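Novice: Chain by chain, the residues run as shown.
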Amino acid sequence: MAPVRLDEIVSRFGGELIGDGARTVAQVASLERAGPDEISFLSHPKYRLRLGLTRAGAVILGGQAAAACPVACIVCDQPYVYFARVSQWLNPRSRSAPVRHPTAAIDAELPSSVSVGAGVSIGKGCVIGERVEIGPGCVIGEGARIGDDSQLYANITLYPGSVVGRRAIIHAGAVIGADGFGFARESDGSWLKIPQIGRVVIGDDVEIGANTTIDRGALDDTVIEDGVKLDNQIQVGHNVQIGAHSALAGCVGIAGSARIGQRSTVGGGSVILGHITLSADVNISAGTLVSKSINRAGTYTGTLPFLEHADWLKNFSRLRHLDAMADKIRALEAQVARLAEPKEKS
Amino acid sequence: MAPVRLDEIVSRFGGELIGDGARTVAQVASLERAGPDEISFLSHPKYRLRLGLTRAGAVILGGQAAAACPVACIVCDQPYVYFARVSQWLNPRSRSAPVRHPTAAIDAELPSSVSVGAGVSIGKGCVIGERVEIGPGCVIGEGARIGDDSQLYANITLYPGSVVGRRAIIHAGAVIGADGFGFARESDGSWLKIPQIGRVVIGDDVEIGANTTIDRGALDDTVIEDGVKLDNQIQVGHNVQIGAHSALAGCVGIAGSARIGQRSTVGGGSVILGHITLSADVNISAGTLVSKSINRAGTYTGTLPFLEHADWLKNFSRLRHLDAMADKIRALEAQVARLAEPKEKS
Amino acid sequence: MAPVRLDEIVSRFGGELIGDGARTVAQVASLERAGPDEISFLSHPKYRLRLGLTRAGAVILGGQAAAACPVACIVCDQPYVYFARVSQWLNPRSRSAPVRHPTAAIDAELPSSVSVGAGVSIGKGCVIGERVEIGPGCVIGEGARIGDDSQLYANITLYPGSVVGRRAIIHAGAVIGADGFGFARESDGSWLKIPQIGRVVIGDDVEIGANTTIDRGALDDTVIEDGVKLDNQIQVGHNVQIGAHSALAGCVGIAGSARIGQRSTVGGGSVILGHITLSADVNISAGTLVSKSINRAGTYTGTLPFLEHADWLKNFSRLRHLDAMADKIRALEAQVARLAEPKEKS
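Protein chains in written order, with our numbering: chain L, 6 to 351; chain X, 6 to 351; chain Y, 6 to 351.
Treat the hints with caution; some may be incorrect.
To be verified - List time: in silico DSSO-like cross-link candidates among lysine-lysine, alpha-carbon distance up to 30 Å: (1) Y:Lys333 / L:Lys333; (2) X:Lys333 / L:Lys333; (3) Y:Lys198 / L:Lys51; (4) L:Lys333 / L:Lys319; (5) Y:Lys333 / Y:Lys319; (6) Y:Lys198 / X:Lys333; (7) X:Lys297 / Y:Lys319; (8) L:Lys319 / Y:Lys319; (9) L:Lys297 / X:Lys198; (10) L:Lys319 / X:Lys297; (11) Y:Lys51 / X:Lys297; (12) X:Lys51 / X:Lys129; (13) Y:Lys297 / X:Lys297; (14) L:Lys333 / Y:Lys319; (15) X:Lys129 / L:Lys198; (16) Y:Lys333 / X:Lys319; (17) L:Lys319 / X:Lys333; (18) X:Lys51 / X:Lys198; (19) Y:Lys129 / L:Lys319; (20) X:Lys319 / Y:Lys297; (21) L:Lys333 / X:Lys319; (22) X:Lys198 / Y:Lys51; (23) Y:Lys297 / X:Lys333; (24) Y:Lys319 / X:Lys319; (25) L:Lys297 / X:Lys51; (26) L:Lys129 / L:Lys198; (27) L:Lys198 / L:Lys297; (28) L:Lys319 / Y:Lys333; (29) L:Lys297 / X:Lys333; (30) L:Lys319 / X:Lys198; (31) Y:Lys198 / Y:Lys319; (32) Y:Lys129 / Y:Lys51; (33) L:Lys297 / Y:Lys319; (34) L:Lys297 / Y:Lys51.
FYI, nobody ran anything at the bench for these hints, they're computed from the structure.
Predicted, not measured: the structure shown is a model, and the values here were computed from it.
Chain L extracted, bound-state conformation (with noise of 0.2 Å):
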């Protein structure tokens, strides 16, 4: 990408600059790091230390900021969706001429738009949208189908019959439609395999994180909506339904059946129980176990304080003998009722 000009970026995404539009810049970079050649922005007000000192060819920010800006600034309301939409201009995705690799296994029909890498596997009837990327060591079922523009990165799963929709973004090591955890228990305590005839279904501008798994349903199909992003690492357990525009921070676990809402956000290592429902809008903090449905939008948290070890050790234990303690409380109420009483009668 060419340098561009700070009074092409303010007539093409809008807002304020202030400073010399003819100044170019090449790349965005990060407060402390950015040269003269590059465009930063400032999203919260408690890196305004690091603005002071940057040497940025422009920043992006707030206008209660733009005072404090040593440099070329655009100001808008926000810096931190304009500063996206730049980046995405100065770092568009690069695509080269589409290649068919010839380690590739190909069994079905598709656009010469398409790109595939080395040693990738595709299986009968798939149907492939145009200009999809799929790079080396993907290997796609029977039957899948993958929506236009969108982009596989490496050594990626696609089960027969999964459906990706357009411009998703899978990144290495993603399965998608592996079998649910499903099993019926005999007697003897043994395992029967339930079938997992299911299968995923995924919508449009998607983004799935590395090493991530999503399996298919058990019967009905597990869903994820339009926009919805998943970062590494997540488990999704069939049947699951996540609404648009949620966000699922890494090492999230979703079990069987669960339903997460629209706009939702899980932060990383949650964990959300099977058959749970979570209405929309609803924001998990880190590492909380959601336990039961929630059906009302708001920050839900159950996490522990940490602690140095030696007073973790005193406190801690005490938590096996809470209802110990909340008896105790009760009986000392009730002895102080008594003590107190006598004396206000006198």
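Given the coordinates of chain L, work out where chains X and Y should sit on it, guided by the hints.
Specialist: Showing chains X and Y alone in chain L's frame:
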């Protein structure tokens, strides 16, 4: 699979048919989605409402629910187990004629009934059983063994010398036999690798989920006994032993040398610390950290209730002061005892 | 490896031999399993019972245990470190002559000492050091660099531009350099991707476990310093820095921009929140959520005791009412003070 008559089902699997034995079904489905050509099941009384509305061709259920069933039904003792059998019958594992994909790199002798997908690598000295299917992108290290009728999906890695029993199902991205996490610490804080020379030995009828990892033993072997079911994204450390017919849900971590007894269950996201022993028939609730051995069958839990964030802030900050609270209660008890004493005397 | 004499071991690694120096051992083994041709070790007094029963050819141990050893022994200060050296000597990394598998797709110039397995893909401009081994199914993106003597097992993905130092060991399924989880939120709740233009830069002597993921930086780099050891299934977010010689156990999640100091350890399943800084020599217990920075060396814990489920129900429901319990204690203290006052006066 051709449609089957209800009386065929009952003659094959037992149970009592209420309704027209000549009716046919071709597939299983959930109570909500099933149509007249499909058979469903009711395993839990709380779904009875759905039973009343079902349009299924037939429902598998227990005796108490039969009267409420608006369609044909099969009455049996364990509806979910019965359903599993019917579904397995209607959804047999699809086997095409064995293939040897030309892009596979095979350095071992394989039975002609073995199927090998594109891009597979099979090292020297591997012993692969009859009718094994090895999906695209799998890497089978030197000297590994896989028992008859096992099915490996795609992009799985078996390290050299790993042993897998018969009828295994291994899902995509699983890694079996990587080095355990074993290091000796030098006095300067750096780490010296302990060569991991044990193996992974897996019994018969084991299922291993997508992206699950099972480390080889440090000196002795890591052992997964018959019938164990592991969900996705589980980490099994070196020298762990998992007893027969235990089932572990997604995202569980088992640290080195832990032993899990037979027929146990571990809920999603739980962590079992190293060198701990759990006896047979232990059930660990989801999200529990098991920090000491358990020598009695039963259900064990150590999780937090979650709260609205504001309530959590108020309540959980107290956890740092539980010890002080206990001290206050004790002091109060002493004071109240002193106060009460003279009074009772008087 | 041919058997070695005990006096050869002592002359190479030091320590004091008690017993016949001409005795030979060919392999290491555990105290329980070792036979006369094997050497074992005792690193912890609690295993002394096993020492008494061992049939090992020799045992590496500390001075206090020598008298109790029924067989030859090598007395040294750090038996586990000594054992690691002996085991590394007896179990050298097996190196066959370098191969270039014909199914590999190699777009870069490689030294002749590099070994490339079946189905590997190596992009343009990669710089691969001497004696590097790249296992089957690995995908090395354009412009990635790997230092001398590094060993990559199977099905690993290095995204373009990733940098790995010398003597790295990377286990199967690891993904290095995938996009960090960076999105700006639009006012309608949808997410705008922030291009992730930083890299992953990994120092020398780093080991990375199976299916572990390390994201590239958003703007600056994600940095893993020399000698860091990462177990399986760890997630390292964008712009994280992990100090030299730190060791992280399985299933740990490190959120974006967290910094972990040198020589620290993090127990399995722990979560470190974003933008947090841990100073050097910090030990985090397994299962702990680190929600704020730690600026002093030490051990920190925040985990729950687990209980039999019935006891848990009784005790842990109280957690929702800790604040009320504290209020009751305060009220009791005030009441008791009032009750005590006139009495002491009287």
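Novice: Please list, smallest to largest, the hint numbers that this structure does not respect.
Specialist: 6, 9, 12, 15, 18, 19, 29, 30, 31, 32 and 34
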